[in-house]
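Trainee: Each chain, letter by letter, is given below.
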Amino acid sequence: MYNILNEFLPNVMPITQEFITATEQTIHMSFWTAVIGCGIGTVLGVILVVARKGGILENPSIYQFFDKFINIFRSIPFIILLTLFSGFTRFIVGTTIGPTAAIVPLVIGTIPFFGRQIENALLEVDPGVIEAAQSMGISNLGIIFRVYLVEGLAGIIRVMALTLISIIGFTAMAGAIGGGGLGNLAIARGHARFQDDVIWVSTAIILVLVFVSQFVCNVIIKKITHD
Amino acid sequence: MIQLKNVEVSFKLKGRTVNAVRAVNLEIEQGDIYGIVGYSGAGKSTLVRLINLLQKPTGGEVIVDGTNLLDLSPKALRQERKSIGMIFQHFNLMKSRTIFQNVEFPLKYTGKSKEERRKKVEELLELVGLSDKLNAYPSQLSGGQKQRVAIARALANDPKILLCDEATSALDPRTTRQILQLLKELNQKLGLTIVLITHEMQVVKDICSKVAVMEDGHVIEEGFSINIFNKPQEKLTQDFIQTATHMDHALETILNNKKFSELEENQWLVELSYLGFQTNEPIISHLYSNYQVTANILYGNIEILQDVPIGKMIVVLSGESRQRKKALEYLKENGVEVNILKRHDSESVLKFVKGGA
Ligand SMILES: Nc1ncnc2c1ncn2[C@@H]1O[C@H](COP(=O)(O)OP(=O)(O)O)[C@@H](O)[C@H]1O
Ligand SMILES: [Mg+2]
Numbered sequence: 001m002y003n004i005l006n007e008f009l010p011n012v013m014p015i016t017q018e019f020i021t022a023t024e025q026t027i028h029m030s031f032w033t034a035v036i037g038c039g040i041g042t043v044l045g046v047i048l049v050v051a052r053k054g055g056i057l058e059n060p061s062i063y064q065f066f067d068k069f070i071n072i073f074r075s076i077p078f079i080i081l082l083t084l085f086s087g088f089t090r091f092i093v094g095t096t097i098g099p100t101a102a103i104v105p106l107v108i109g110t111i112p113f114f115g116r117q118i119e120n121a122l123l124e125v126d127p128g129v130i131e132a133a134q135s136m137g138i139s140n141l142g143i144i145f146r147v148y149l150v151e152g153l154a155g156i157i158r159v160m161a162l163t164l165i166s167i168i169g170f171t172a173m174a175g176a177i178g179g180g181g182l183g184n185l186a187i188a189r190g191h192a193r194f195q196d197d198v199i200w201v202s203t204a205i206i207l208v209l210v211f212v213s214q215f216v217c218n219v220i221i222k223k224i225t226h227d
Numbered sequence: 228m229i230q231l232k233n234v235e236v237s238f239k240l241k242g243r244t245v246n247a248v249r250a251v252n253l254e255i256e257q258g259d260i261y262g263i264v265g266y267s268g269a270g271k272s273t274l275v276r277l278i279n280l281l282q283k284p285t286g287g288e289v290i291v292d293g294t295n296l297l298d299l300s301p302k303a304l305r306q307e308r309k310s311i312g313m314i315f316q317h318f319n320l321m322k323s324r325t326i327f328q329n330v331e332f333p334l335k336y337t338g339k340s341k342e343e344r345r346k347k348v349e350e351l352l353e354l355v356g357l358s359d360k361l362n363a364y365p366s367q368l369s370g371g372q373k374q375r376v377a378i379a380r381a382l383a384n385d386p387k388i389l390l391c392d393e394a395t396s397a398l399d400p401r402t403t404r405q406i407l408q409l410l411k412e413l414n415q416k417l418g419l420t421i422v423l424i425t426h427e428m429q430v431v432k433d434i435c436s437k438v439a440v441m442e443d444g445h446v447i448e449e450g451f452s453i454n455i456f457n458k459p460q461e462k463l464t465q466d467f468i469q470t471a472t473h474m475d476h477a478l479e480t481i482l483n484n485k486k487f488s489e490l491e492e493n494q495w496l497v498e499l500s501y502l503g504f505q506t507n508e509p510i511i512s513h514l515y516s517n518y519q520v521t522a523n524i525l526y527g528n529i530e531i532l533q534d535v536p537i538g539k540m541i542v543v544l545s546g547e548s549r550q551r552k553k554a555l556e557y558l559k560e561n562g563v564e565v566n567i568l569k570r571h572d573s574e575s576v577l578k579f580v581k582g583g584a
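Chain order of the listed sequences is R and H. Going by this note's numbering, the first sequence runs without a break in its numbering and finishes at 227. Going by this note's numbering, the second sequence runs without a break in its numbering and finishes at 584.
Note that these hints are calculated values from the structure, not bench results. None of the values given here were measured: they were computed from a predicted structure. All C-beta atoms in this analysis are idealised placements derived from N, C-alpha and C, irrespective of residue type, glycine included. Incorrect hints may appear among the rest.
[What the hints assert, rightly or not] Reference listing, derived: stretches of chain R covered by chain H, where coverage requires no fewer than 3 residues with Cβ under 8 angstroms from a Cβ of chain H:
no. : stretch
1   : 124-132
2   : 140-153
3   : 214-227
[Claimed, not checked] Estimated spans, in silico, between C-beta atoms of each pair:
no. : chain 1 : residue 1 : chain 2 : residue 2 : range
4   : R       : F69       : H       : E254      : 29 to 37 angstroms
5   : H       : D292      : R       : E124      : 31 to 39 angstroms
6   : H       : G242      : R       : G87       : 41 to 49 angstroms
7   : H       : T337      : R       : P77       : 18 to 26 angstroms
8   : R       : I76       : H       : G356      : 57 to 65 angstroms
9   : H       : K341      : R       : S166      : 41 to 49 angstroms
10  : H       : S366      : R       : E24       : 20 to 28 angstroms
11  : R       : S166      : H       : G242      : 39 to 47 angstroms
12  : R       : I76       : H       : D359      : 51 to 59 angstroms
13  : R       : H191      : H       : G242      : 28 to 36 angstroms
14  : R       : E124      : H       : K339      : 30 to 38 angstroms
15  : R       : S61       : H       : G293      : 36 to 44 angstroms
16  : H       : D399      : R       : I76       : 51 to 59 angstroms
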């Protein structure tokens, strides 16, 4: 068995430990980006939904501001965001190298995408239910936390599943400029040294991560959906 | 209980102004089941949403139980809304919560303990006849059951008023009757004031003590249902009632059938409407014995509103011209509303009828 692996993956087998580390780094970056990005993205999505025309806290100027903000940030290519915010990253993490430092631009890159998706997910919440809650004298904060975020939870997780795919993709790019992780491994070793087997195995692990995250999200969605 | 004083609502849409409610004055008393009828777009929903200020008026005053709602702070308004329940055409339950959780929703954060809330929810579900569905999700219920849950939820904070916006419009006729029956019971048991919006006069007929008819933002006619049913003044009201009593169908059938619609020279086709327990027979036999006028009944219908029967008939009166006129006077003197639908072609046509030709 060991011999067969050695034969087919001549460059992978000697660096299994590096693969394990890189996988951990990718998971670390993806996880924290998802958590922080999802948190801020949800706040953004909620602001957009309540401030938009007909929303419970209608406010055209706030809506316009965040709407523009999202559109602008979404148009900046991620690879440029990585360098654009290196000063900010150094200020927050103390360095621009390594997986933790990569989380900063990853989060920045994810928020606008996430915010827009969450906005769309929350717009799916039946306006009639919002109206019913208002008729019961529920406060606006109550409507956000007890109606939008509860009734919209399945939609939020669906969005999260979608966003996780692009986050994992982004970590590979962040890896290329010193973030570590599987992307870094694939590029630094596989691409630079023509070690095709390293590229293949990195890709396979990334795919497994994507499938597992999708599977988990689908299980949760199934569990909380009752329509 | 509820006073709408000169209320107006207009929406501005892309430079165009829609006057959804125009200078409406309404007074709804404690214990009323007040119907508001009108076709879609008449402004009924906008009007009823004024009562809990989900819709702010562009003019006028909204007074509920002595309080001018427009004077209240947002917080006080939310408190006031707890005493005004509301149910909707599409029930508007929360899909991700069980029946228990849906009914408990408005009770949370009101200072009641978990145990008190559980007791209250069970009471409410008992009241609407759904005690066995506590842990089901809305998607597992029928339309009628969903509306019962919505009613239980609307009653959670013991409101004085229940607003119903087309609450039975998504339900089949049988379920509609059951829900209306439930509303009537709640009105009697709890002294609940009910404002009920509908596009079906049938619903009004079943439970409303008073009714307002809306058209194009105006209330064009209002009063006790019995009076409105017996003597509708406005054309639109007459249309609604004819639909509810199936007079429209009957008329159409009659007018499309030559045998009935081609009158002879000494005949009139008339609609009779009368109130109370008087049976039609003595009156009709009197027509013959006193005036030698025969009445051939083509269609008859009796509706019972608040225990008062309202009869409607379509008859062909045949007899000598002078005698027919006397017979008509006699009918009017006896409190029968008479509406001549059709005369022989040789006589001038005074009134054209909906559904004719
Ligand atoms: N939020 C709104 N913005 C603009 N127009 C509205 C709004 N709500 C209602 N309208 C308009 O007001 C009129 C009355 O609507 P509505 O009260 O819903 O009527 P109904 O309930 O009798 O069908 C309609 O012409 C409708 O298009
Ligand atoms: Mg309506």
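Trainee: Compare the structure with each hint and give your call.
Mentor: Here is how each hint holds up against the structure:
no. : hint                                  : verdict
1   : 124-132                               : holds (count 5)
2   : 140-153                               : holds (count 6)
3   : 214-227                               : holds (count 4)
4   : R:F69 <-> H:E254: 29 to 37 angstroms  : 51 angstroms, violated
5   : H:D292 <-> R:E124: 31 to 39 angstroms : 37 angstroms, holds
6   : H:G242 <-> R:G87: 41 to 49 angstroms  : 48 angstroms, holds
7   : H:T337 <-> R:P77: 18 to 26 angstroms  : 51 angstroms, violated
8   : R:I76 <-> H:G356: 57 to 65 angstroms  : 59 angstroms, holds
9   : H:K341 <-> R:S166: 41 to 49 angstroms : 42 angstroms, holds
10  : H:S366 <-> R:E24: 20 to 28 angstroms  : 42 angstroms, violated
11  : R:S166 <-> H:G242: 39 to 47 angstroms : 41 angstroms, holds
12  : R:I76 <-> H:D359: 51 to 59 angstroms  : 57 angstroms, holds
13  : R:H191 <-> H:G242: 28 to 36 angstroms : 59 angstroms, violated
14  : R:E124 <-> H:K339: 30 to 38 angstroms : 32 angstroms, holds
15  : R:S61 <-> H:G293: 36 to 44 angstroms  : 38 angstroms, holds
16  : H:D399 <-> R:I76: 51 to 59 angstroms  : 56 angstroms, holds
Violated hints, in rising order: 4, 7, 10 and 13; the structure is consistent with all others.
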